[in-house]
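Position one of the sequence shown corresponds to residue 12 (the numbering used here), numbered consecutively onward.
What the hints contain is simulated information worked out from the structure, not anything from laboratory work.
Heads up, a few of these hints could be off.
Claimed, not checked - Derived pair list, reagent style DSS-like, types lysine-lysine, alpha-carbon separation capped at 25 angstroms:
| # | residue 1 | residue 2 |
| --- | --- | --- |
| 1 | K384 | K640 |
| 2 | K640 | K399 |
| 3 | K650 | K640 |
| 4 | K567 | K578 |
| 5 | K384 | K399 |
| 6 | K415 | K463 |
| 7 | K132 | K46 |
| 8 | K326 | K399 |
| 9 | K128 | K146 |
| 10 | K399 | K578 |
| 11 | K151 | K139 |
| 12 | K326 | K264 |
| 13 | K297 | K128 |
| 14 | K264 | K384 |
| 15 | K579 | K640 |
| 16 | K297 | K318 |
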Amino acid sequence: MASTPALARTLTWATAVLALALVCRAGTPARADEKSDLIRKIEDLLEDAADALERLPGDSGTDALGNADRYVRDARSQADNLARVAGDDSTARRIAEGFRDTQDDWNDASGYLRLLKGGLKRHEQTVKLCADKDKELTAKAEAYRAADDPDGLTELPRLATAAREVVERELGELARHDDRLEDVVDDADDFRGDGPWGDLVSMVDRVADQMYGQWQRDLEQTRRSCEPVMRGPEHPVVRETLSRLGSSAGGRKAIIEQLRNDARALASALANVSEDSGMSSVERAKGLLDNLDRGLQNLARNATTDKETKLIIEKWPEGVRQLREAMDDLEDLKRHQRDMDPLPERCRQKEAELRDAVSRNGDDPDGIDELPKLAEALAAPVRAGMAKADERLRENESDLGRAKALSFSEAEWSAIRDAGQRDADETHRTFVDGHRKTTEACAEIMLGGNGKIVNEAVSRLRSRAAETGDSLDREVARWVEAARATYILDCRSMETLWQAYCGTDFEPGEDGEDERARQTAASLQSEMQGKMGPLLRELEALRPRILELIKKRQTKTRGESLLADVKKEEGRLSRLQDRGVWRGQNNPLTQYANRYGEERHQAEWSSHGCQVPTSSTGVAVFGSGEHTKPDCIIARSGKCEIIEFKPDSPEARRIGEQQLDAYERAVPTYYAQFVQKGEPDSAHGGREFMEAVRAHCTQAGVVRFGRRLVPYRMCDKQYTCE
């Protein structure tokens, strides 16, 4: 039996272990109660936030929103506590861990509600403006009526129109404010949250809709309060005053006198259109035309047997109608009157640039190839610009006919008609003269590589290369030219290939045209390769003489230049002696197809009147991927098309349709971004082409282009040397 002390120690340990076990077993319910309490506190605080927010629509300020913010922050503190005790409780963890993100969303929604609340009173300044304008008009009208002042017949319509324009702009601003508030409501409604956030989410939606609904009612009431002023000269008090003033002979006389004054001023304004440096004369004429229209309306308010009044009321409105139609076209003529003025100088600058390049080139034989390339690069934008100028000239001629269509010529209208027609002619003549001067100034540069400047320079360089310098210079120049001729098809070789491919009448049982062309190409290749060996052997005799030049200080630079020229061609000849190298771009058939295809593409571009690319050799890139460079885009009345030119073969047609599939998506997408504003760069047609797209290829804001594959036969057009 254990001793008493030992037994005591054993009982004491057992008691301690049992007590610890009881404490541990009781810990789980205690922790669970704490989590439940925290979740309940979070729910209560978010419900308090929703209750506080509910008072926001009726609150004079945003205190309710501030209270809601405070409750959410308090709930955040409880969520942080919950995160520390959540353990593996999925519900507690979801509430605690998601609270931060949802609170961020609440802060955004709270900000939107604050913006919405702050914008609800914007209509009040509009109401005040309309009331002030109404009061001003009423006071003016009553003053004219009390004084029986006929000046009111002309002044009141002007004042009423001016007041309407002010209010119209203000209502436009109010409408834009409404759009912004609607966007704010949509942004606030995006607030989302689950679990304990449910009541607050619903309250945000309800409060936002409630405040915006009140705004809509206030907005409608504001518009109704502005209706009298928005009626302009038909403002009730103004209309009544005009009726009273106009019923007297003195009133009618004042109106007629003002009409005649405005008509004479209109003739004067039209007479100055062509000489005006800007559009002010056109704008003045349009304003005077509006005055005439209002004056005629005032005169027609009261029936009268007065002969002069009846004549004006019956006849003059037709003149106003005709002139309004003509003014649109006169304005168009004026807008483009000086378009051509800067172009002759630009062409002279380009010509000077070309002459300067010729001068800098000196006797460098590289100019034989480089100068024509530069000339073509300078010519490309000029050709595109002249194509647009030609189109503008045709449009101007149509505008001119309509601008001169005014036929009404009663009384003062005779001078109006004569001035308008005379100045339309003068305005158009300015453009025509500018077009003629531009055509003359740009004639040389538009010829590109075929122009006189380049031809004379190239001829001189060729003559210089052949006739000046010592015999070695001439021999190297001849050798380089002969080397190039061995691997580049000349004009006669192109003719030979065309005849082989297209110009033979085949009999049954003979080889097809493809085989005949391959045989001809092989023959040309053999002929070209046959010339390479002798040329390489000839080079071995030239090389020591070139190296001797390099050894001498005085002739080192000259010798290095000659050596570089022959090495370049030597490398090509050495490679091309291998028959297997004559593939891809080196193959005569490929050279023929590429050169013939380039020329056919240029011809098709011209014959179809393509607008983009802006020249027959230009490129316009749309989108990304494999197919990005359409051959031709047209945007004009009755025709909005993307056109692809392809040889007439099944494979070429298949590839062409694939390209059109890509262009049909990429081209409208590119131009759609400029429908509302902006313009593409010059490579994509610039402002003029975009105006054509808007006018002819856009419906309800959507840009649409048709598609067309234009096949050409390799044999439709005989290749001939010119």
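So, going through the hints one by one against the coordinates:
no.: 1; hint: K384 / K640; result: holds, 22 angstroms
no.: 2; hint: K640 / K399; result: holds, 21 angstroms
no.: 3; hint: K650 / K640; result: holds, 20 angstroms
no.: 4; hint: K567 / K578; result: holds, 16 angstroms
no.: 5; hint: K384 / K399; result: holds, 23 angstroms
no.: 6; hint: K415 / K463; result: violated, 43 angstroms
no.: 7; hint: K132 / K46; result: violated, 46 angstroms
no.: 8; hint: K326 / K399; result: violated, 42 angstroms
no.: 9; hint: K128 / K146; result: violated, 30 angstroms
no.: 10; hint: K399 / K578; result: violated, 47 angstroms
no.: 11; hint: K151 / K139; result: holds, 18 angstroms
no.: 12; hint: K326 / K264; result: holds, 17 angstroms
no.: 13; hint: K297 / K128; result: violated, 44 angstroms
no.: 14; hint: K264 / K384; result: violated, 74 angstroms
no.: 15; hint: K579 / K640; result: violated, 33 angstroms
no.: 16; hint: K297 / K318; result: violated, 28 angstroms
Violation of the numbered hints given earlier is confined to hints 6, 7, 8, 9, 10, 13, 14, 15, 16; the remaining hints are satisfied by the structure.
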